[in-house]
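J.: Here is what each chain is made of, one letter per residue.
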Amino acid sequence: GAVVSQHPSWVICKSGTSVKIECRSLDFQATTMFWYRQFPKQSLMLMATSNEGSKATYEQGVEKDKFLINHASLTLSTLTVTSAHPEDSSFYICSARVRALVGYTFGSGTRLTVV
Amino acid sequence: DQQVKQNSPSLSVQEGRISILNCDYTNSMFDYFLWYKKYPAEGPTFLISISSIKDKNEDGRFTVFLNKSAKHLSLHIVPSQPGDSAVYFCAARGGTSYGKLTFGQGTILTVHP
Numbered sequence: 001g002a003v004v005s006q007h008p009s010w011v012i013c014k015s016g017t018s019v020k021i022e023c024r025s026l027d028f029q030a031t032t033m034f035w036y037r038q039f040p041k042q043s044l045m046l047m048a049t050s051n052e053g054s055k056a057t058y059e060q061g062v063e064k065d066k067f068l069i070n071h072a073s074l075t076l077s078t079l080t081v082t083s084a085h086p087e088d089s090s091f092y093i094c095s096a097r098v099r100a101l102v103g104y105t106f107g108s109g110t111r112l113t114v115v
Numbered sequence: 001d002q003q004v005k006q007n008s009p010s011l012s013v014q015e016g017r018i019s020i021l022n023c024d025y026t027n028s029m030f031d032y033f034l035w036y037k038k039y040p041a042e043g044p045t046f047l048i049s050i051s052s053i054k055d056k057n058e059d060g061r062f063t064v065f066l067n068k069s070a071k072h073l074s075l076h077i078v079p080s081q082p083g084d085s086a087v088y089f090c091a092a093r094g095g096t097s098y099g100k101l102t103f104g105q106g107t108i109l110t111v112h113p
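Line order of the protein sequences matches chains X and L. Using my numbering, you'd call the opening residue of the first sequence number 1 and step up by one each time. Using my numbering, you'd call the opening residue of the second sequence number 1 and step up by one each time.
Quick caveat, the hints were computed from the structure, so don't treat them as lab data. Glycine included, C-beta positions come from ideal geometry on N, C-alpha and C. Treat each hint with caution, since some may be false.
Pairs of lysine to aspartate or glutamate, EDC-like flavour, derived with a Cα cap of 16 Å [stated by the list, open to error]:
1) L:Lys5 x L:Asp24
2) L:Lys100 x X:Glu59
3) L:Lys54 x L:Asp84
4) X:Lys14 x X:Glu59
5) L:Lys100 x L:Asp31
6) X:Lys41 x L:Asp31
Computed beta-carbon distance windows for the label pairs [stated by the list, open to error]:
7) L:Glu42 x X:Thr82: 25 to 31 Å
8) X:Arg111 x L:Ile53: 34 to 40 Å
9) L:Arg61 x X:Lys41: 22 to 28 Å
10) X:Trp10 x L:Gln14: 17 to 23 Å
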């Protein structure tokens, strides 16, 4: 079935540095990738939607200059958290819509801790 | 504005019995509903879905019911197994071309042996 590989699974970084999270679709072409974040014991909140070859669409309240999304190919989308601060610590998950299947497939998530 | 709500934060069920997880929504433009199972520090795993034009969909032990007039859906798991213990999220897809999902808050299901 459709698999999305997300890396890294966890990362610890210092405040002020940038972190890149990658999501790759392994056996299908992901024209659209969704990026979510989840705080402990809360729901998954959509941050942005990226379409291959075009600019990402950000949800209200999400800083596009802080969360840079690139979807340069049909198999790779990246989220870069720039100048990370402790309040950016969260669980980030990507998801791709798979047209041939019912539903959406998710990456395994990245636990970001900013110290 | 929480458009998708799961009002029960947790549910505890005995093994072999039925688990019923509920979800309510407010946006009548949602055209597709999905249920996901999630473990801590992992991505959600797709379970079952239902189109807004249907009222029931069944897949093995999982059945999803949709009541459009009440804007309510439920997931039935029969029989429940200890391995079903996880957080369950319902999600709804809006009527947009790129189909973003809106998630409920999740319900922690615990199935006791």
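J.: All hints, please: hold or fail.
T.: Evaluation of the provided hints:
1. L:Lys5 x L:Asp24: holds, 5 Å
2. L:Lys100 x X:Glu59: holds, 11 Å
3. L:Lys54 x L:Asp84: violated, 25 Å
4. X:Lys14 x X:Glu59: Cα-Cα ~26 Å, so violated.
5. L:Lys100 x L:Asp31: holds, 11 Å
6. X:Lys41 x L:Asp31: Distance of about 27 Å is beyond 16 Å: violated.
7. L:Glu42 x X:Thr82: 25 to 31 Å: 26 Å Cβ-Cβ, so the 25 to 31 Å window holds.
8. X:Arg111 x L:Ile53: 34 to 40 Å: Roughly 39 Å apart at Cβ, these two residues keep to the hinted range, so it holds.
9. L:Arg61 x X:Lys41: 22 to 28 Å: holds, 26 Å
10. X:Trp10 x L:Gln14: 17 to 23 Å: About 35 Å separates the Cβ atoms of Trp10 (chain X) and Gln14 (chain L), which means 17 to 23 Å is violated.
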